[in-house]
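First to last, the sequence lines map onto chains E and U. For the first sequence, the working numbering gives the first residue as 1, with consecutive numbering after it. For the second sequence, the working numbering gives the first residue as 1001, with consecutive numbering after it.
If you're looking for bench data, these hints aren't it; they were derived computationally from the structure. Among the hints, erroneous ones may be present.
Here are some, though not all, of the chain E residues that point toward chain U, as calculated from beta-carbon distances under 10 Å [what the hints assert, rightly or not]:
| hint | residue |
| --- | --- |
| 1 | G33 |
| 2 | A41 |
| 3 | R159 |
| 4 | L169 |
| 5 | L173 |
| 6 | T174 |
Backbone N, C-alpha and C define an ideal beta-carbon position, used for all residues, glycine too.
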Amino acid sequence: MGPAFPEILAAARVGAEWAWERLYESIAGGVRGYLAAQGAADPDDLTGEVLLHLVRGLPRFEGDEAGFRSWVFLVAHHRLIDERRRRQRDAKLATKQPPTRPAPDADTAVLDIEADAEWQQRLAGLTDDQRHVILLRVVAGLPAEQVAHILGKRVGTVRVLQHRALTRLRADLTAGVTQ
Amino acid sequence: MTSSPGNGDEMGTTDQRLSIEEADHLLAGRVPPGRYDLDGLAADLASLSTAFHHEVDPVDVRRLAVQAAAQAHLTSSDNGELTATSASNAHGPASQASGLPKRRVPVLTSIATFLATTAGKVVAAGALVAATATGGLAATGNMPGQYDDPDPGVTVVDDSDDAVDDSDDAVEADDTCDTTDTAVSGTCDDLAGTVGDDDDACEEGDEIDAVDDADEARDADEADEADDADDADEADEACDGASDGAVYAPEVDGVDADGDEADATDDADATDDADATDDADEADDADEADDAEVDDAEVDDADDEVDDADDADEVDGAEDSDDSDADEVVNAPQG
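In isolation and in its complexed conformation, chain U is listed as follows:
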């Protein structure tokens, strides 16, 4: 044989091709009509059908049948798989019989059903966004911390950003020395001194220092002079210094002109708050609390000094004295 097994040399060994009907006749052991050339093959296939047949012993049949029936009743504990297909993977691997525990199937099914709905998708998306935002804030260290307010009765005003944003305008208006709309110097320069001369605590303050160092130095001198409040001239200079500082803090516009203790405390706390928001360390909170207490303690003195300033400078008026008072409050811890 020269041809490969099974493929055969069809045209070389057969006179005609086999039709489907002729093949069926041959496989049944019959000669196809009109194809007497295939009688040999038909007889050959007929012998094949009987070649492997063996007479079955009736006794053996009975024994096997009883045995099969008995064993079937004893071993009919299969898990429901079709017997004909259970023992072979001829047509591919069988599906895995085991799976999730039954107690978990309803839970997972309910979750999958919920997520399949539009509402479920919205909720899942919202949760994802919230988790992402929280994680991002936590990663950058911008999570809002708890503010330890030593005096809950005092309103806290966060004016640090405004003070910095308006620094340019303040510098421009520095020469005008408008003291009518200012009462407190809430600048970050002063803040640094309030929390203990921590330069790193106020970057904006440093920028302001760079912009107007001369004014700041003059402010400090004049503020010290204003602490004394011995005469009207000094009070005026303090007024000028306070106004310079106040220009950097437009927030003070909202401060009452009467310069009472509450306002001064507000300003002091606002200064502390500004400090707290200037990316200072968490340890600054304790300093803030201490400073707040110090500020509160100094308020009394400041008010007294304000009163002195009022008495000393009747010409400048109450607002001028308030400005001086506020500057005192802020600069008091430095002393």
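Looking at chain E on its own, in the form it has when it is part of the complex:
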């Protein structure tokens, strides 16, 4: 969005549809990717839920574009945690069923699923905190300070976590090449 961000933000606050379209275009891909990488059952639905919360909280938001992105992923992270808790609660009440995924398009679905599956497997080798840090830094593109704010940790802790995660990913990559 760049320099036009304040104008877009002001227009979105008064309910301008074009402003919301711009905002959504700028954040939807990252939010959905982050939620999908985290293993959300329905990333698209959860992304729409994130947008709802953004609309409700936008009148109270103050900040620049970087702060806006940090806030967006903070909402997304909390929605993700809520969705996981909801799934755990539902799993206790009903028989465990495989996560339902929306039917992908036939052309791109195969590649996407393969890429997702590969990365899901690699990310599964990380701890939860390491996975959060890596995805927020790589997929969401946030700096370490904002990641620390979202996760409620110190910046030093985030750097330690990302260092260990990178080391782990490099080891996995080396092991895959040698195999």
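Starting from the structure of chain E, add chain U where the hints point.
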């Protein structure tokens, strides 16, 4: 993999440790300067950033945006909590939204503000001390009760304690038989008889009895003899008996020597009062009232007898007769 997830065998798989700047380059999908050994990892992370990205359908974006805007205006009834933090307790439990009713908040706030001041603390401490003292008195049964004075016009003198405290001195001075400073026998021994021979009504009286039983017996005999007041000798003996009793009650020092009715009534009431203060039962109050009436009725007779004593014993003088009179007053109910 032999290492635990996430911790990695850093030294076994990397030639050099990653610096913070190098990690930032890698996470951005770039190869750190001078670290060509990390180009594979950089490309790998670059693929991660795009692996989960999906092209957003413009139609879908428009639909979601309109839907979000519409629902936001319809459902913007949250209670002011920050949207980003309202739905998750990831960083700890959320504070309780509910609390005291609003109408109670100002009252409690004002009370807390008052108690926070020094004056408030003083008042609170005073109230606490008062409550504690009252509760203690109530627990021990020492709360002051209402005194039913049958004759408000008569002064009540509480001389029971003094009579007991001075009992030792009275015993020592018993032999002297000093009749000049005594007019009434306000001893607890006599009190017991006044309220109906209730021994339990006067513990001090019992102690005095133990000290000087012989004197008491002699007092009673001589008092009976003094009731008759037939001759001067008997009056003298009554004088002696009265003096013995009076020694136990220094309070009688304040009694007028003329032995009028008021003084006699005072003494009688004082005797009753002493009885009332001797840890007697509350039921004794009624007896006291009755006794007071009896005492008042007997005062007339006592005065008459005093007059007789005065007439009979001119040698002993008025004070001697007063002593006899007082003893009469006290001992009258016994008869």
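Quick check: which numbered hints come out false for this structure? 2
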